[in-house]
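4 protein chains.
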Amino acid sequence: MEELNSPELAHTDLLPRLKNQGYDAERVGRRRAWVEQRCDARLPHIASCSFDPELMRGNIENPIGVAQVPLGVAGPVLVHGRCARGLFYVPMATTEGALIRSYERGMVALTRSGGVQTAVLADENQIAPAFLFPDVESATAFSEWAPSRLAKFQAAAAATTRHGRLKSLACYQAGRQVILNLGFSTGDAQGMNMIVKATYAVCRWVEAAYPGARYLLFSGLCSEKRASGFLLTRGKGKRVTAGCLLSHKVLRLYLHVTADELFRVWQSTVMGHLEAAAIGYNAHAANGLAAIFIVTGQDVATVVSAACALTCFELNPEGLYVSITLPALSVATVGGGTGLPSQSEALAMMGCRGAAKAVKLAEIIAAAVLGGEVSMGAAIASGEFVSAHEQYGRNRPK
Amino acid sequence: MEELNSPELAHTDLLPRLKNQGYDAERVGRRRAWVEQRCDARLPHIASCSFDPELMRGNIENPIGVAQVPLGVAGPVLVHGRCARGLFYVPMATTEGALIRSYERGMVALTRSGGVQTAVLADENQIAPAFLFPDVESATAFSEWAPSRLAKFQAAAAATTRHGRLKSLACYQAGRQVILNLGFSTGDAQGMNMIVKATYAVCRWVEAAYPGARYLLFSGLCSEKRASGFLLTRGKGKRVTAGCLLSHKVLRLYLHVTADELFRVWQSTVMGHLEAAAIGYNAHAANGLAAIFIVTGQDVATVVSAACALTCFELNPEGLYVSITLPALSVATVGGGTGLPSQSEALAMMGCRGAAKAVKLAEIIAAAVLGGEVSMGAAIASGEFVSAHEQYGRNRPK
Amino acid sequence: MEELNSPELAHTDLLPRLKNQGYDAERVGRRRAWVEQRCDARLPHIASCSFDPELMRGNIENPIGVAQVPLGVAGPVLVHGRCARGLFYVPMATTEGALIRSYERGMVALTRSGGVQTAVLADENQIAPAFLFPDVESATAFSEWAPSRLAKFQAAAAATTRHGRLKSLACYQAGRQVILNLGFSTGDAQGMNMIVKATYAVCRWVEAAYPGARYLLFSGLCSEKRASGFLLTRGKGKRVTAGCLLSHKVLRLYLHVTADELFRVWQSTVMGHLEAAAIGYNAHAANGLAAIFIVTGQDVATVVSAACALTCFELNPEGLYVSITLPALSVATVGGGTGLPSQSEALAMMGCRGAAKAVKLAEIIAAAVLGGEVSMGAAIASGEFVSAHEQYGRNRPK
Amino acid sequence: MEELNSPELAHTDLLPRLKNQGYDAERVGRRRAWVEQRCDARLPHIASCSFDPELMRGNIENPIGVAQVPLGVAGPVLVHGRCARGLFYVPMATTEGALIRSYERGMVALTRSGGVQTAVLADENQIAPAFLFPDVESATAFSEWAPSRLAKFQAAAAATTRHGRLKSLACYQAGRQVILNLGFSTGDAQGMNMIVKATYAVCRWVEAAYPGARYLLFSGLCSEKRASGFLLTRGKGKRVTAGCLLSHKVLRLYLHVTADELFRVWQSTVMGHLEAAAIGYNAHAANGLAAIFIVTGQDVATVVSAACALTCFELNPEGLYVSITLPALSVATVGGGTGLPSQSEALAMMGCRGAAKAVKLAEIIAAAVLGGEVSMGAAIASGEFVSAHEQYGRNRPK
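Protein chains in written order, with the numbering used here: chain Y, 3 to 400; chain X, 3 to 400; chain V, 3 to 400; chain A, 3 to 400.
By construction, these hints were calculated from the structure, which means they are not laboratory data. One should not assume that every hint holds.
A pair holds if it fits inside one copy or across any two, identical chains being indistinguishable in the list.
Unchecked claim - Calculated pairs, DSS-like style, for lysine-lysine (alpha carbon to alpha carbon, straight line, at most 30 Å):
#, residue 1, residue 2
1, K21, K251
2, K21, K199
3, K199, K169
4, K154, K169
5, K251, K154
6, K154, K199
7, K21, K154
8, K169, K21
9, K169, K251
Make the full structure from the sequences, and use the hints.
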């Protein structure tokens, strides 16, 4: 970088455009060298990519190497789901000391209490284009026209994709604008590209079929990679829940708290969340989600919507019933970054590589994240939070 | 993983505990081999770590290697900030095709319009312990006692850290619980560990000084790694804003839209956000934030709070004034994952390695993310969104 | 009132219980006299009720008279709705000076621009009982059982009411709790009593039909008399929208602003609402709603949910398109307070007394409230806000 | 009202403008007669105003009479506040059957448990003008200029009012807009008129003192009559809390529930609120607030902001600790509608008429509303909700 006296941008300031987008090792190297020279920085570790960069095509542009994020393992967590059944070891990539130890502790406690029941309650990705009309009357006419034409909309969508299937349609009119919320099943893919393309086809079909309809492909309602109240009930991707009855014995021996103490933390922090006008309630679901998303090749930015989650602790005669519900968990086992080498290995660790595994992955993630909720709450209740971070999270000067 | 008929957890199911936590290459390898055997998975790419794993100590537990996340470069973006001045090339790690191309396009458009003004408006990380009392009267007494004792609180906090400094204190009482919101400056570190430790000291001092005070270290109010309304005004970490007047010429030539068209997307999607009860408004700030956080060693889960951002497009005679405000950008240039090899290289690319660089980094990030907002909006307005993703984001079957 | 040294409550401290609940004029007077004596206050104006207090039975308990709220008229507003067609004069009860003048100004401006298009987009009141189960597995089983049994649920509901009809059913499971959202049509009544009773019958039927199901009649989801994100998309009662194209001429002559100036207020305050994490966006819909609810015998507390509304101003070549959408307008023309003497007269002023008029009333309200939005925005834009309040809203010492 | 074929508005369609605004009885009657003729409606009960309508000046325009709202009494409730001390009988105006009985039951239960502790924790009304600048740099300069000039701002404000005092100032910049949040003490008045006028003076002073500053009197941030997250922490008017330990005996004998059962309702409905993305949590605070606001001459539309309240139930060995916190209770005992005849009488019933009584009123309201929270929860827990409404809330055909 340099001090500029003029706002002019010279052609030579632009990143080099290389043949065929430049994904082969030689061109990636050439681009990296350009950056090193231009930014006056040496990038040997970024350069240390263990696989053919041509594999990055479709995942990134202007590649110069890889970010190497520390990868550890937490678990095991025993899952009693529809698809995930058994003990799982969960790979997590993070740079936050003590995080994996905390998740591990929680997962093991859940396992010692008999394991975690999980269920995927809904599975529909969505996108919500906006249709613009000249006035309320014409917008209302469209709101009345569209809902009865699901079959036509499905046909228009189906022309673009074999994997995504339009399942539902709802109109939300405000003034002269009608938001059309479209729900798609996307199989084992996260599917945003797929359903954006299908929605584009739907919109163009509407344009032709309904004279005067103008559209914008996105209205913002669907809350892709954003936190919103809408996500909590409407969801996005998989709505998954996980629960476990933590026994008094496990609470005492492994989490160093009583049920009452742990419950008290839940209640107190729920009040804090309400006062903050937070979306949902959870201790730190984002931590587990981000760590698993990075390592399994998910679209990491979706952690924002996925973390709109509801953790609940309930007093029970036999202990504490703990659960988490993730209404907007948009995870995949095919497509996106899931096929990249280290990401694919991480999925394999959980038996989640490839087709017909996305529901299983969602169940494992919910169980793992529940482990983190329990462990964090217990550390607050027992007063061990600081000492644990002192032990594991200390970043010494190097 | 395996099917279990019994909920019992055998000792051999637990991850191996290795000497001195097992950060040396040999023990990392032994742990990885245990996982490979246990999970029936081969992990050669995870194993391909270009640096001494001992460097991971303090960042992760149970390490078995690294996640390799594709890393590309977007930019340049011209920044006119207090600390960041000049043209910057921004490293981003992602697996979402077309993302970097989109950010690059937006950053270049901002640069061609004369560059981005940025400002860090506030810089205070915070944490909010809860104090619990038997009734409203005793809680009220505490609410009246605490605010006038900032100096005492500061002394208690200062005993634990040289870098974090307690700057402000506010009480939020509800019923018999008093949330004490503490604001700290944390220098160039993200500082959560530092301020948690300082807050622990404060709480213990209060316990001694104010008989009957019981506390929980967290109340949830501070919204660490969560989306909340509180963040929008109170902030967390750096509150940074970035703005630029996009000229009509740049809009037309490089973004293929008019000011009116691009503005129309803003307005329409704002309505969609309001209808979704979203926190804040932005197109896809999470994308840029996640990509930069991964590559620069930030705590990636903080993307949830950082993405509570406000994008604004305003019609101007000379074009479109575009801005983004990130009230809760908690970024660091020392500590956490910032010192890891590839992460440190990425920071070096922007001249942001080490002390006295965190504000500069925040300014560059704001400018970069603004580029993404502009480019996404323009792609929706011009109808090019789908074709761009078709060109760059296609994950071909391998 | 008196200072008490003892927490004991004497029998004589309790309000007198009178025969047959005491609604006849003599007993109302006796109760009032008891209060006057007890509270050392004279209540002649509260006593001045122009109708037989026996008519209050079913609307209030322990009656002692009436609150007399000043009632004025705003309008006319020209409405082009499905049910409301023509010029309307809107009765409003308020004590806030300048409010009626402001609404009047706005309504007349809308009328001069050709009138307001309105549409009721949905009409379904709702209630959401919670079903509690011992674990995630049993709760999930219920979530799968319920949705396919709408006809059975409808039969159970129908046994209790002729007017309310169960139309829809949706399950929202979180952990081991399943919220069952039930949507009812309630004709021209607000219908909460009706649907609560029907829901009670549904819950008891479920209890019998599904062993192990325990329920709570309310889960909080339905947001009765509360502000929530859920209301914006799911609604409650009538979802009604109203829009009008304000011409440049009307803007200039009657509102003393240009389209650009008025739009600028909208945009600036939208940003303020987003920063406040407000539910929806509007200038002061609550003012108009409260004033009309009081005077027409609506349940005034529902102003909280009804005010979750979305006002939108959009620049147009011919002027400014203004609209408001009220997703949760729960208004009635039969039942509740609508049959009380002064309330019934107020409804008659708008041709909205009795059966088959609730949709018409909703349309008039939406148009009237839009008038208030326009007028308030214009007063801010033109700088006349303070002078208008000085002129009309001054409460001189008496 | 009539069907119109033309959008033209005749001069004779406008409400008659009468001399001196027409508040004397004769002119009020003439206006009412005009409305009766025009709307083809008889309005004898609206006409039945027991006081000289000249008293309505400053409270309403275009008056034609009064809305008579049924007024009952609930209580007694024993309050242990700073200003309110003793047993209080609370006047409430409503048309919702069973409401007063429910509040009465709750208040008596609180009283039998020893009464309610209350405290006003903050008392500051606020208003937030927006200042608009050409770019981020100039806006930032203003954000840095303003905070150190509180004394100058206070002087400008003080020139307009003796009662309102500017106490605090905070800048919230987003892009090139700076929201200036001003906090005022307003004594016993609600004070919006007063502080709007003071703020207008402040803004004009800024305009003169800071060249280039353009302002809008409102930014929306302050959330007047709207529900927002901002209100929960920043408040508006009085932040008041009320709490009581309900004994097991009182719970069983008078509320027909155990502490566990009542707590279970709280927890379950908190989850429902979180899932609804509600602002705050309470059972039906709006009911009590609206009923008391109508009868005591408050600005009823502020029920929307006042109902952003936090109810908390906590298990205790001795029973259930119940509390409510109202962060934005903007109530007055002077000004607005408080001086109207029936409203003034209602205030007198609680010893809250006139100066130096607003804090006392706030404390009584908080205690009363807490009674409603307890009673509603108990009715849900015990299954008596429907039977109570059947008994009291039935609107028989008349």
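Results for each hint:
Only between protomers do K21 and K251 lie at most 30 Å apart by alpha-carbon distance; the minimum there is 29 Å, versus 64 Å within a single protomer. Taking identical chains as interchangeable, the C-alpha atoms of K21 and K199 lie at most 30 Å apart only when both belong to the same chain, with a minimum of 27 Å there against 53 Å between chains. In the homo-oligomer, the alpha carbons of K199 and K169 lie at most 30 Å apart inside one protomer (15 Å), although the nearest pairing across protomers, at 34 Å, exceeds that limit. Taking the shortest Cα distances, K154 and K169 sit within 30 Å of each other both inside one copy (12 Å) and across copies (25 Å).
In this assembly of identical chains, the alpha carbons of K251 and K154 never lie at most 30 Å apart, being 58 Å within a copy and 41 Å across copies at closest. Taking the closest pair of Cα atoms, K154 and K199 come within 30 Å of each other only inside a single copy of the chain (16 Å); across copies the shortest separation is 40 Å, beyond that limit. Taking the shortest Cα distances, K21 and K154 never come within 30 Å of each other, neither inside one copy (42 Å) nor across copies (64 Å). For the homomeric pair K169 and K21, neither the shortest alpha-carbon distance inside one copy (41 Å) nor that between copies (54 Å) is at most 30 Å.
Taking CA atoms no more than 30 Å apart as the test, K169 paired with K251 passes in neither setting, with 46 Å inside one copy and 43 Å between copies.
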